[in-house]
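Engineer: Listed here are the chains, written in short residue letters.
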Amino acid sequence: MGRSYNTIAFDAAKCDGCGDCMTACATAKTGSEDQTRSRIQIVGSADDGFELALCRQCGDPKCVTVCPAAALTKSTESGVIEWDAAKCVDCLLCTIGCAYASIALDAGTGHVAKCDTCDGAPACVPACPHDALTYITTARIYNEVGDWEDLFAPGLAGCQGCNTELLMRHTLRRVGPDTVLATPPGCVPGMGSVGFNGTTGTKIPVFHPLLTNTAAMLAGIKRQYKRVGREVNALAIAGDGGASDVGFQSLSGAAERNEQILFMVVDNEGYMNTGMQRSSCTPYGAWTSTTPIGKGSDGMPAQGKTQDAKNLPLIMVNHRCEYVATASTAYMEDLYDKLDKAIEASKVGFAYLHVYSPCTTGWRFPTDQNIEVARKAVETNFVMLWEYTPGAGLQFTRPVDDPLPVTEYLKAMGRFRHLSPDQISHIQGKVVENLAFVKQMVHQARA
Amino acid sequence: MTTATVETPNQTKPAKQKVILCEGNEAAALGVALARPDMVAVYPITPQSSLVEHVAKLIADGRMDADIVDAEGEHSVLSVLQGAALAGARTYTATCGPGLAFMFEPYFRTSGMRLPIVMSIVTRDGITPQSVWGGHQDAMTVREVGWVQVYCETVQEVLDTTIMAFKIAEHHDVMLPVNVCLDGNYLSYGTSRVELPDQAEVDAFMGVKDVNWHVALDPLRPMAVDPLTGGSGGKGPSTFVRYRKGQCRGMQNSLRVIEEVHEEWAQRFGRRFAPLVEEYRLDGADYAIMTLGSMTGAAKDAIDEAREAGKRVGLIKIKTFSPFPVEALLKAMNKIQALGVVDRSVGFRWNCGPMYQEMMGALYRLGRHVPSMSFIGGLAGADITVGHFHRVIEATEKLVTNPAPAEPVWLNERD
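For the record, the sequence lines run as chains H and X. To convert, note that position 55 of the first sequence is 55 in my numbering; the numbers rise steadily by one, no gaps. To convert, note that position 63 of the second sequence is 63 in my numbering; the numbers rise steadily by one, no gaps.
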């Protein structure tokens, strides 16, 4: 595995600007309590809160790049940007190079000074009375999960640029080997998870259910292991078509019976594996191979799907499952938090995780844009990231306060290329309406 | 109602047995309880409903230790059981008619996965025309997809066969799902005297449960279940062929196993049922009628009366319909010159009863021409009476000398 490093994280919501961290830093580094000499600086922000000026120990540090004397170097050991007094020529170019105002002249010494994390025990962190500062390991997923066993075969036959492989590897690493995996017909078995002619892509028990009966088969498996006193996870990684259309009855039935299953839907908004046909999760206006573009008849051109998508995760909320959440592969930490919660919830009852998963092939965008498209969906509120539990109700996990116009998302894909201004305004209207609907549920949960 | 005669026990060994009075659906439920499944999944449908109600009550009363899943439809009922069987459970359900039709997708697959699930079909006619009454159309419609299917004649046979079905299904030379067919209305609600086997003796009969030794979804034995096979050449099609051939071999093996299990049952419990084909008063017969299920009671009465009247007629009853017991049938057919086959369902393609259609195939192997004809009766709950069977006997008798009619004879059309 590669390396990742620790860093000091700041939670602006907890900071009241008391300055105790600056006092602690100044004391530790200069022996005086002069806050102007602190290497951590808390400054007022535009919204009457506080911001942090502190070295981020960047992976691509501009201070290092601009230094003409090679006095600044990034340690491969600790990740800290180290300053060498013997080499420094006091030109202060680094203070201009840094975008975070995190390396500055210390008037007491006449040289620049910056955070060195106090050799891994930063004085500022324990000094904060409000826990606004934490010393954390960055790339938590990379560090923790990377060492767990990858339960998929090295090569899988997904389309170029598909992020479902990423999702499958991460998910199985997390659930671990005491799991039975159901992958109903679609992209997931299409990638080789169950295998072809005697070879399999998975190192745990795996099977093709029918497209229609995933939740029911898993319920039978889980119940039998429960009956004989064995703890076995029952996991589905299913497509949106099998879940929202023909398999919906068994999904709904299992949720109503509160079967102890983790049901993950990889929503690529159509029957992508079998040729990109429309599902009930396909959004309005989208081209699919069964909602094609054409001149139509009687002056009514065919312009993609004419109905809005079914909101399957909200329907699952109305089953009052133990846990329901939406997630996106552009927000892996959020996804991981939800995966953890869903696994725990599935020990008690039905857990449902709906992961929006852009399809390079079917949505028609360049193969290096998958995560970007996923991110744009969230940044425009086309996709909302939230979670539900019976106790806490519905809560946003990554609220977007200042969403981009939906065109920023739509224009990233060929499947929306044909949209008329009317269609775009319909979609934008639905985004606003859906957001209002979910917000209402969030407010109800808080009330 | 047809008379449901209890077989005179051919007592070879005394057994501790309680005698009760119950309907066929309750008898099936009691048989299920005695077989000790781990899991039952249920969805109600007429005329099966009281069967699963009895199962639910047995579990609720602590007389049966099984997990019960009230699924949201028959499709999920069978799917839940498939999952449970792959995790090592002994499994049971019951359905009929439209429920069986809705279940067809997983039903087809059960045999291919070699899962020894036992399912009663409380037979019901097919809709439409709309009807909720008995008939064999449902079970006949699915006769060709690799389930073993046996038909019961009496309420006692329902109870005993339900238990035997688990042993047949789970036999390592079989490993196939089994349908125990009991006639809707006539057996499901027909009440009669039933001898209830002792649990300890049934346990000894059943032996050790071992249902997923061949295919499992178990983290202790990780495997990919049902990976993709087939294709135009190479390893794919040959893999598929070997699976299919194995299914067919399992079906053929079941003929022997059904006989063995019935023999063991007779030895342990003193009740002997013809496992594949019953020959009734066939010795000295010139011709015979063929029956299936509960109609056989009335047919036997008619045969007895005809014999007393000097007619040289006998009866052949099929118990095991799938796989079709060709050898046992040929043995019986060798004794007669003409045959009349009474079906409780229709075969749309051949304009005759499905059992008649199957018999035509078997008769070809006999190597000599046996005139035969098809009778269709008892549809949608209609009673096939002794009087009807006398008409069947008379028409069949004429086949010995006269040409066979091309059309089937429809009983209950005007009576």
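Don't read these hints as lab results, they were simulated from the structure. Note that the structure is a prediction, hence the values are computed from the model and not measured. Possibly wrong hints are sitting among the right ones.
Each computed DSS-like pair below joins lysine-lysine, with the alpha-carbon atoms no more than 25 Å apart [said to hold, decoys possible]:
| hint | chain 1 | residue 1 | chain 2 | residue 2 |
| --- | --- | --- | --- | --- |
| 1 | X | K245 | X | K235 |
| 2 | H | K203 | X | K235 |
| 3 | H | K341 | H | K226 |
| 4 | X | K335 | X | K311 |
| 5 | H | K310 | H | K203 |
| 6 | X | K311 | H | K226 |
| 7 | H | K226 | X | K235 |
| 8 | H | K62 | H | K87 |
| 9 | H | K74 | H | K62 |
Engineer: To test your reading of the hints: which numbers does this structure violate?
Structural biologist: 5, 6 and 7
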